[in-house]
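A.B. asks: Sequence:
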Amino acid sequence: MTAHALPSTLQLPPHRSLLALGAGSRMFGLDPATAVAVEDLPAPLAEMLDELGASVPTAELVDRAVERGADRRAAELLLSELVASGLLVDSAHVQRRERRRAASTVVVDGSGPLAVGVVLGLATAGVGTVHVTASGPVLAADLGTGFVDADRGQDRATAIAAALARLRPSARTGPPPQRTVPDLVVLADSATPDPVRVARLHAAGTPHLVVRVRDGVGVVGPLVLPGRSTCLGCLEIERCAREPAWATAAAQLVGVPGQAGPACIAATAGLATAQALVALDGPGSAAGPPALEATLEIDPDAGTVTRRIWAAHPHCGCGAGRGGPGHGADDMRGRSWSGHNRSVDGLPTRSTHVPAEVPT
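Mapping of the sequence shown onto my numbering: position 7 corresponds to residue 7, and the numbering continues sequentially without gaps.
In short, the hints are calculated from the structure, not lab data. Among the clues, some could well be false.
[Unchecked claim] Derived Cβ-Cβ restraints for the label pairs, each shown as a range: (1) 20 to 262: 34 to 44 Å; (2) 43 to 174: 50 to 60 Å; (3) 154 to 245: 13 to 23 Å; (4) 47 to 135: 50 to 60 Å.
Owing to the predicted nature of the structure, the values given are computational and were not obtained by experimental measurement. For glycine and all other residues, C-beta sits at the position ideal for the given N, C-alpha and C.
Whenever a hint applies, use it, and build me the whole structure from the sequences.
C.D. replies: Here it is, written out as structure tokens:
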């Protein structure tokens, strides 16, 4: 990257820290795997980097460094190298992501603690509209991810709206209007999603993400891009091939919440929120959401996240298993991620490829 190609505004990547190691040394980040130390910096250049705690116009940043005695070319080349290595980012890209989230509409469909956790997580992360489909009263088992004890016995949808108003009053919520076309639907809590609801989402081409718990373990995924990625029907065909009586068992789980401890439920809601955001953010956020064509199984007690890959089934009516021009790891608006999800782990796992099994 040349100095002339520098973005007009620069900043640290979100969540990245900048620390002084000495008069002429600065460290970007804390993760031992990704942190980088920049050393032997003249004082004016070190002070220039110290200004990057917030978005800064590049020209002004360089001008101030020059006023302190830095060589202009050296300042520009340093910034160019930091941008090329990902240690600095274009503020416009970050702002574009924020605007995209604010303009996004997500529907969370679920009657349990996962749904409220995902609703609050998405709204806190800047998603502008989070509609809720929920029924029944808040139960004691629902507490811990956003509901408080005073919500017990209250209508779930009303209690979720109240929790969201407490946390982020500017977020738009409520039941989805009849003609809502969401960017994503999250199917939460039910051990087996309602097949009628899933069929409608697939027919409408609506991306959807499943999140539930079972046997004390949280399961997030798959993220389904109808016709372009592994769908829930693909999973059911595979499960029925391994256990002929699976359909009988699955029918008993529709609308039934899974069982897990409070820590697992909270962790699962957080993981689901993160996967939904990666999907909404689109290309540039990752090589593809780890939950695309996979399930992520989180076991807080064991301290593990296992990514289980599910291939699109050639006999499924979704068509994804037969390939074709529409198939591939595209984002929810049709743009390609930088790489296919199959090669991306994205999360610390105890196994990067676990064959599909009968468990949900």
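A.B. asks: Evaluate each hint against the coordinates.
C.D. replies: Against the structure, the hints come out as follows:
Distance hint for residue 20 and residue 262: a CB-CB separation of about 40 Å, consistent with the stated range 34 to 44 Å. Taking the beta carbon of each, residue 43 and residue 174 are about 55 Å apart, inside 50 to 60 Å as hinted. Distance hint for residue 154 and residue 245: a CB-CB separation of about 39 Å, inconsistent with the stated range 13 to 23 Å. Distance hint check for residue 47 and residue 135: the Cβ-Cβ separation is about 58 Å, which falls inside the suggested range of 50 to 60 Å.
The structure shown violates just one earlier hint, number 3.
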